[in-house]
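Engineer: So the sequence lines, in the order shown, correspond to chains A, B, C and D.
Using this note's numbering, the letters of the first sequence correspond one by one to residues 172 to 386.
Using this note's numbering, the letters of the second sequence correspond one by one to residues 172 to 386.
Using this note's numbering, the letters of the third sequence correspond one by one to residues 172 to 386.
Using this note's numbering, the letters of the fourth sequence correspond one by one to residues 172 to 386.
Bear in mind the hints are in silico, worked out from the structure with no lab data behind them.
Ideal Cβ placement from N, Cα and C applies to all residues, glycine included.
Hints may contain errors.
Stated by the list, open to error - So the derived label-pair ranges between C-beta atoms look like this:
hint, chain 1, residue 1, chain 2, residue 2, range
1, D, Val227, A, Asp374, 46 to 56 angstroms
2, A, Ile301, D, Tyr325, 22 to 32 angstroms
3, A, Asp374, D, Phe368, 46 to 56 angstroms
Claimed, not checked - Under the rule of at most 25 angstroms between Cα atoms (straight-line distance), these lysine to any residue pairs were calculated in the SDA-like manner:
hint, chain 1, residue 1, chain 2, residue 2
4, A, Lys199, C, Tyr357
5, A, Lys377, C, Phe260
6, D, Lys308, C, Ser208
7, C, Lys199, D, Ala220
8, A, Lys377, C, Leu257
9, D, Lys332, B, Leu254
10, B, Lys199, D, Glu197
11, A, Lys332, C, Leu255
12, B, Lys199, A, Tyr222
13, B, Lys377, A, Leu255
14, C, Lys308, A, Phe368
15, A, Lys199, B, Leu254
16, A, Lys323, C, Glu248
17, D, Lys199, B, Phe228
18, D, Lys308, C, Leu257
19, A, Lys332, C, Leu254
20, A, Lys199, C, Leu196
21, C, Lys308, C, Tyr357
22, A, Lys199, C, Phe260
23, C, Lys377, D, Lys308
24, D, Lys314, C, Lys308
Number of protein chains: 4
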Amino acid sequence: MKIGTSRVEAFSDGVIAIVITIMVLELKLPDIQKEASTRDILHHLTELAPYFVAYVFSFMMVGIFWTNHHHMFHLLEKTNEPLLGLNLFFLFWMSLIPFASGIMGANPWLPTSSAIYGFIMLMTTLSLTIMRIYTLKQGLIHKDEDQNLTYKIYTASLQGKTRSYIGTVAYLLAIPLAYVHILLAYLCFIIPPILFFIPHGIDDEKLAARIEEKN
Amino acid sequence: MKIGTSRVEAFSDGVIAIVITIMVLELKLPDIQKEASTRDILHHLTELAPYFVAYVFSFMMVGIFWTNHHHMFHLLEKTNEPLLGLNLFFLFWMSLIPFASGIMGANPWLPTSSAIYGFIMLMTTLSLTIMRIYTLKQGLIHKDEDQNLTYKIYTASLQGKTRSYIGTVAYLLAIPLAYVHILLAYLCFIIPPILFFIPHGIDDEKLAARIEEKN
Amino acid sequence: MKIGTSRVEAFSDGVIAIVITIMVLELKLPDIQKEASTRDILHHLTELAPYFVAYVFSFMMVGIFWTNHHHMFHLLEKTNEPLLGLNLFFLFWMSLIPFASGIMGANPWLPTSSAIYGFIMLMTTLSLTIMRIYTLKQGLIHKDEDQNLTYKIYTASLQGKTRSYIGTVAYLLAIPLAYVHILLAYLCFIIPPILFFIPHGIDDEKLAARIEEKN
Amino acid sequence: MKIGTSRVEAFSDGVIAIVITIMVLELKLPDIQKEASTRDILHHLTELAPYFVAYVFSFMMVGIFWTNHHHMFHLLEKTNEPLLGLNLFFLFWMSLIPFASGIMGANPWLPTSSAIYGFIMLMTTLSLTIMRIYTLKQGLIHKDEDQNLTYKIYTASLQGKTRSYIGTVAYLLAIPLAYVHILLAYLCFIIPPILFFIPHGIDDEKLAARIEEKN
């Protein structure tokens, strides 16, 4: 990790690692008796199915947020006090994902569950978007002697910002659409991960490694 | 992170990251049935509202404590054994914040809740204050060849100490005032965060980055 | 930690540390009364025994997975985006071990418990195997000027891959065998740890230290 | 952190940070009603008192174990595979401290509670002692060109070993003595922390900083 951003990254990693892991505590087989049969367990697992689907999806989303956060900080040269505050704001919304995931698991077909889930995801994405805009405006982005590298860093930052914008809009739409038809909300939910997995010209991980080498 | 303080910072970060995240486990929608309606969920959310407010406030406070801890350690050149002990004492009180937050959420208007919350916050602030005084007295603060930088480091340390004093007094007053009128206690609670967000001439984060560069 | 893989390792360590520790939350003495007698406690402990055995075994397995992950990443020179994804896939299955461990503790003699436990272990091992194959194919493995060291690194990578293959097969067999006789499944479960503890010519930890020195 | 031991230390820190923090989850005010009075809360707090005392003591002990682990690893030059195993064995027993602490809180005056608590502490101390002996025997201790520093490192290692021996004996005695008189067990429990806080000629933290500087 680079000097100047290392402890913020380490603390954020800690919080995100806990968020992604405590979600599994929602998966409980509640009333298993000593003398449970295979049928009992399968019955309980069936009941857990929506929690499980919510867990898989939320795990993937937290993983994507971590990757984005990881790449965004790699493009930075330094932090400042307001950025620490924005980062805590981002971690706050992130910490509510297990809560929203639990509501989704309990009532997957209820529009209000999707609205709550969408709202938490909206705020998480929005706070990341604000951080991206802030770092670009304040010139906290790494500037390199190598013009080509600097160009790539800015392109990556702008691409990240664009994808954050699209994600924000998708979650914003998901909330009212959940009350039109639940599947429309679900459709909105899968846009950001699809966007994330589409190759976008720049391998952020390679770029990050190249920036680290320079330091 | 600087050599000599790195593992203490890493361990403290771990503990603080867990403290800030497990508080979310207090937010539970207890009796959600499979067939819950939007009304049920909204009803449960309304009941959760005080827990939620307590969570938001406590998350912010833990974030502020982390930032202060982070900056304080950045100004240090080295640690010694008593400082490790004082740091554990600080982490101990910090670890009780989720407990105090839960009491606040359950009975937000009861003076005793505020008194307990105030007491935990008092002890956390007090232990940080003691650490600050100790590091100043023992000369553990970073001394730089650059006179100007050394001057800034001392100014930042002293400012941190002053704000810690004011925080200590605010929480000390909150405990008896909760029994006079609950809003007086709440007023005391918001003094330290307001103090934290008021600009105070020095950007601690920039200062920290400059000290790191020198090492 | 080496530049280029450090934050991925740190994040993975965080998740694995939480996985290994929250399993202990399954160990609860549920109805201890204030006036419990020694007999009551011993009775509760006896009831907890299968949870305890499951905890010991799962703790050992998570420890082994961590060691393997730790050594595998030490042999790498760099990461790329798909590897980040594969790593999250690995952490996902790992995060389900406490869940599977809880089912085993509740019904240790039920074939379905073993089948579920075997399935989670299978997927964890399989995702690690895929990562190993991927890093070998993509040439992410550290290449050293010292031919002898490069040779050792490849040998260690291939040995790791072979052991991952055997582990995958063992867990694959455990699932159907659990329904033939439960002890056959248990037999399969102990193959991977035995394999791990058998000396295999290369001290991965020494090798890792030598690679780190070079960087 | 020094190259060669850094990731083991980071992983151990993660586990220990979680162990020390999840103990607080035992502190629950179980049946607080919306309309609880000050009397209710004080009544609940009184009932929690033994849990609280157990928490304070266990927090201190985990803190001491962390400090000892931290100093022991600072004296090392390298790790090897068996040491990784011994470290996991140590972390395993450490992870059971919250469990033992919960039993103590529920039945503080029952000899069996003290016996269980003593046993977990015994095994934690014993596994640390074995690690110390192993690192001394295998020559994993840092050797410095500076004879004086090397001498101090060995003295610190041997002192650490002696204190570990005494701790092991104290916990070993605590188990049978709990059945003679509970206070005798408690007496044994406070020997190791007293030993820890007695100054012993060497400031391990300063020594650790000096070793780090050399690397």
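Engineer: So, for every hint listed, does it hold in this structure?
Structural biologist: Hints and how they fare:
Distance hint check for valine 227 of chain D and aspartate 374 of chain A: the Cβ-Cβ separation is about 51 angstroms, which falls inside the suggested range of 46 to 56 angstroms. Separation of isoleucine 301 of chain A from tyrosine 325 of chain D is about 55 angstroms and departs from the stated range, judged on CB atoms against 22 to 32 angstroms. Checked against the hint of 46 to 56 angstroms, the C-beta distance between aspartate 374 of chain A and phenylalanine 368 of chain D comes to roughly 53 angstroms, which is consistent with it. For a cut-off of 25 angstroms, the pair hint linking lysine 199 of chain A to tyrosine 357 of chain C stands: about 24 angstroms separates their Cα positions.
Taking the CA atoms of lysine 377 of chain A and phenylalanine 260 of chain C, the gap is about 20 angstroms. The hint holds against a cut of 25 angstroms. At most 25 angstroms may separate the alpha-carbon atoms for a hinted pair to count; lysine 308 of chain D and serine 208 of chain C exceed this at roughly 45 angstroms. Pair hint lysine 199 of chain C plus alanine 220 of chain D holds up; C-alpha atoms about 19 angstroms apart against a cutoff of 25 angstroms. For the hint linking lysine 377 of chain A to leucine 257 of chain C, the alpha-carbon distance of about 16 angstroms falls within 25 angstroms, and the restraint holds.
Only pairs whose Cα atoms come within 25 angstroms are accepted, and lysine 332 of chain D paired with leucine 254 of chain B is accepted, the gap being roughly 23 angstroms. At roughly 17 angstroms between alpha-carbon atoms, lysine 199 of chain B and glutamate 197 of chain D fall within 25 angstroms of each other, so this suggested pair holds. Annotation: proposed proximity of lysine 332 of chain A to leucine 255 of chain C holds, straight-line Cα distance about 21 angstroms (limit 25 angstroms). Taking the CA atoms of lysine 199 of chain B and tyrosine 222 of chain A, the gap is near 15 angstroms; set against the 25 angstroms cutoff, the hint holds.
Taken as a hint, the lysine 377 of chain B and leucine 255 of chain A pair is honoured in the structure, with Cα atoms around 11 angstroms apart against an allowance of 25 angstroms. A threshold of 25 angstroms between alpha carbons decides the hint, and for lysine 308 of chain C with phenylalanine 368 of chain A the separation of about 21 angstroms falls inside it, so the pair holds. Using a Cα cut-off of 25 angstroms, the hinted pair lysine 199 of chain A and leucine 254 of chain B is violated, with the two alpha carbons roughly 42 angstroms apart. A C-alpha spacing of about 22 angstroms is found between lysine 323 of chain A and glutamate 248 of chain C, which places the hinted pair at or below 25 angstroms, so the restraint holds.
For the hint linking lysine 199 of chain D to phenylalanine 228 of chain B, the alpha-carbon distance of about 20 angstroms falls within 25 angstroms, and the restraint holds. The suggested pairing of lysine 308 of chain D with leucine 257 of chain C is violated, with an alpha-carbon distance near 40 angstroms, which exceeds 25 angstroms. Our distance criterion of 25 angstroms between C-alpha atoms is met by lysine 332 of chain A and leucine 254 of chain C, whose separation comes to about 23 angstroms. Restraint check for lysine 199 of chain A and leucine 196 of chain C: the C-alpha separation of about 12 angstroms stays at or below 25 angstroms, so the hint holds.
Between lysine 308 of chain C and tyrosine 357 of chain C, the direct Cα distance comes to roughly 34 angstroms. Violation of the 25 angstroms bound is thereby established for this hinted pair. Simply put, lysine 199 of chain A and phenylalanine 260 of chain C have alpha-carbon atoms about 21 angstroms apart, close enough for the 25 angstroms limit, and the pair holds. The straight-line distance between the Cα atoms of lysine 377 of chain C and lysine 308 of chain D is roughly 17 angstroms, inside the 25 angstroms bound, and the hint therefore holds. Between lysine 314 of chain D and lysine 308 of chain C the CA atoms are separated by roughly 40 angstroms; this puts the pair beyond 25 angstroms, and the hint is violated.
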